[in-house]
Amino acid sequence: MSNSQGGNALLRTSTPGDGSVVGGGAGTAPSPARRPRRRGDWRKRAEITLLAGPAIVVFVAFVIFPVVMAAYYGFYKWKGYGVPTDFVGLENYITILQDTTFHDALMHNGFIVVMSLVMQGPAAVVLALLLNRKMRGRGLIRVLIFVPYVVSEVIVGTGWSLMLQTTGAVNDLFAKIGLEGWAVDWLSDPDVAIWSLMIIITWKYIGFAVILFLAGLQSIPEELHEAAAIDGASYWQAQRSITLPLLGPTVRIWAFLSIIGSLQLFDLVYIIWGQYVSATAGTSTMATYMVLNGRNAGNYGFGNAVAVVLFLISLVIALTYQRFVLKRDTEGALTGGKK
Amino acid sequence: MAASAVQATPAKLPAPVRRRGKSLDKVNPLVYVVAWLLVGICVGPVIYIILGGLRTNSQITADPSGFPTTWEWGNYSAVLNSSLFWQQAGNSAISAIATTAGVVVLGVMASFVLARYDFKASGAMYSLFAAGLMFPMTVAITPLYIMIKNLGLMNSLAGIILPQIAFALPTTIIILVPFLRAIPKELEEAAAIDGASRLGFFFRMVVPLSIPGVVTVGILAFVAAWNSYMLPLFILNDDTMYTLPLGVQSFASQYSVDTARVLAFTSLSMIPALIFFSLFERRIVGGLTGAVKG
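Protein sequence lines correspond, in order, to chains A and B. According to our numbering, the residues represented by the first sequence are 1 to 339, in order. According to our numbering, the residues represented by the second sequence are 1001 to 1294, in order.
In isolation and in its complexed conformation, chain A is listed as follows:
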């Protein structure tokens, strides 16, 4: 009960940008009022510092600063002890960009980005629509469908790699139901391994998409569906012309998070295929390449350079996406959803 109320209240006021717009307005107005209220002004500043200071310090120290340091270390040949002194300029970057194993990793990341969107997106929309219907046991079904998302990557990796072994449960199950032909070398055959990875990724992360879409569906006013029902629209007509367009912004935010997550994928690959096998099995990613050739090889300068490349690729894709895809959402809002 209180949830849905909270949700509705949120809806009305949840544009992150509007705070700064209000702030801008206030910034021009106060000049007459400012002089007598200087004390209050000082106090306000102290409060802002006191309340926001700790979060900013922790965030800058442990998120922003390391990224900046990566850019600095990336120009050195450095084993991680003391101050880096062996400046090599762009050598690390040239090595990375010429390394065919890095090209492979980049290709795998690209494949994972695209296939994650294709495999999870439509399925998650259908699932969210399904779970949004009033049906018996809905609460239980919802909880159970999110189980894979809550289980840690290590558990998922350990469990699935046992099941997908050549003599594991999956091949055994196929044999039992008369599909021996389907039994393959799930984890080590380079033609199959990346699809196994995609299946595991879909299984693991689709719950997150469903949660987001369910949250998005909750903010679509019930009245629209009632109106559509009065106008004689069928369930599917209503979904197609009301729900899907209104769910658009949520889907686009999910796609953004999914792309970024796919580009940085590390845990599952590293857990299932370990340090060395991922490259031969055709599942290596930029992040496993970074850890293998950076920290594990003791080449911290090189590892940081890979981090910078990964950062720049993510940044370019993120900015492009925001510029061309997420921008539509603000335009839609301004033109009153004419579309």
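Where hints are given, some of them may not hold.
Claimed, not checked - Here are the simulated DSBU-like cross-link-like pairs (lysine-lysine), alpha carbons at most 30 Å apart as the crow flies:
(1) A:K44 to B:K1120
(2) B:K1120 to B:K1185
(3) A:K79 to B:K1149
These are calculated hints, taken from the structure and not from any lab test.
Start from chain A and add chain B according to the hints.
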């Protein structure tokens, strides 16, 4: 008396009953089949892990996809009797609870500033945190490792808790800011008339009113910290300091022949996050509603 009661009940009940009945009727039985089929796909591998812990190794080798024929509780009791498991569960609990507490306290304070104060840098501050959303830990891990080493926090829980707090802040702030902004201005004015300062308003009104949002971000932070893998992999290097994910992995490689016990260890380590999430699943969907539309 009786008559009026009888009269009153039907008058009150029909509306909800009819509504529920109608929409339930409309749901095609096929929808249930599909829904429970999906549930089976989602839960199957987890059940496999849990049941596998109840079998013997020879059963697993002979019939990998079968059900337990004899219930073998020895694997579970062996794990539950090992001090290493409890040590690692304790480490995970400390890491997850401290991370959650840190994220909630720092996140609520910063979100309050972003939601309720008008100041020039507010937009820039929001963008700073929002930018963090684009970069999970992968990019920062190598320099972060060096930094933790220089701070002397290697192989300590503090060395994973502090970065976990920092990396959970963006999501927290993005979810909480719309929540706190939705608290009506009138409430703040009323508090001011009653003589409460802005900070008084924060502690007496904002903190209690933001509980639903705080629960959402708290659960997300808890589950993320409980499951965290990459950071502990870099920072912790001694199995008495390991959190459970690392513990599972090292246990799995150490006892790779004892599959049943590995499965028992694995299933015991996922219980807390599962319980936590199941209890609060509704809250998470509710709490995300505002953030998603943002």
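Now the hints, each set against the structure:
For the hint linking A:K44 to B:K1120, the alpha-carbon distance of about 12 Å falls within 30 Å, and the restraint holds. With a CA separation close to 20 Å, the supplied pair B:K1120 and B:K1185 stays within the 30 Å bound. Proposed proximity of A:K79 and B:K1149 is supported: the alpha carbons are some 13 Å apart, at most 30 Å.
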